[in-house]
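The letter at position 24 of the sequence shown is residue 24 when you use our numbering, and the numbering goes up by one with no holes.
Hint data in this document are derived by calculation from the structure and do not stem from the laboratory. All residues carry an ideal CB built from backbone N, CA and C; glycine is no exception. A few of these clues could be false.
Straight-line distance between alpha carbons at most 25 Å, and here's what the computed BS3-like set of lysine-lysine pairs gives [as the list claims (entries may be wrong)]:
no. : residue 1 : residue 2
1   : 29        : 52
2   : 29        : 64
3   : 52        : 64
Derived Cβ-Cβ restraints for the label pairs, each shown as a range [said to hold, decoys possible]:
no. : residue 1 : residue 2 : range
4   : 79        : 59        : 13 to 23 Å
5   : 82        : 24        : 10 to 20 Å
6   : 78        : 55        : 27 to 37 Å
7   : 28        : 55        : 12 to 22 Å
8   : 95        : 40        : 25 to 35 Å
9   : 24        : 79        : 18 to 28 Å
10  : 59        : 28        : 12 to 22 Å
11  : 85        : 48        : 32 to 42 Å
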Amino acid sequence: MLLASGTLAAQCGEERTVSANALDEFTWKRLNAIYEDVGEGRYDEAFEDLQKLLERSGRDQYLKAVVNQALAQVEWSREHYTASLRHFEEAVTLDVLPDEV
Numbered sequence: 001m002l003l004a005s006g007t008l009a010a011q012c013g014e015e016r017t018v019s020a021n022a023l024d025e026f027t028w029k030r031l032n033a034i035y036e037d038v039g040e041g042r043y044d045e046a047f048e049d050l051q052k053l054l055e056r057s058g059r060d061q062y063l064k065a066v067v068n069q070a071l072a073q074v075e076w077s078r079e080h081y082t083a084s085l086r087h088f089e090e091a092v093t094l095d096v097l098p099d100e101v
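Throw the hints in and build the complete structure from the sequences for me.
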């Protein structure tokens with residue numbers, strides 16, 4: 001579905017250079033707690049916490065991408081597929097996430 005976007009389709013298969021990024025300890029711990037909520041099926045709580053984290057991300061493009069990717073996963077779990085795809089597209093558009101982890 002994402003390949004329907006001309007921009008994203010043009011980037012498929014291209015070699016990318018993405019510099020290594022890291023989250024600060026507080027943010028890393030916060031994301032871990034959020035993923036624990038997801039694991040326990042507390043999607044609404046996870047969504048709210050991710051929204052707050054996104055609001056506080058400021059100019060940190062890497063954090064915005066990570067949070068949008070997490071929001072995409074939460075929205076998919078809540079069966080909000082259109083919103084999920086929108087968040088995933090935003091994460092990809094920021095172009096700061098590595099191809100593989």
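Now for the hints, and whether the structure bears them out:
no. : hint                 : in the structure
1   : 29 to 52             : 15 Å, holds
2   : 29 to 64             : 16 Å, holds
3   : 52 to 64             : 11 Å, holds
4   : 79 to 59: 13 to 23 Å : 33 Å, violated
5   : 82 to 24: 10 to 20 Å : 32 Å, violated
6   : 78 to 55: 27 to 37 Å : 19 Å, violated
7   : 28 to 55: 12 to 22 Å : 18 Å, holds
8   : 95 to 40: 25 to 35 Å : 32 Å, holds
9   : 24 to 79: 18 to 28 Å : 32 Å, violated
10  : 59 to 28: 12 to 22 Å : 19 Å, holds
11  : 85 to 48: 32 to 42 Å : 20 Å, violated
Going down the numbered hints, you'll see the structure goes against 4, 5, 6, 9, 11, while the others check out.
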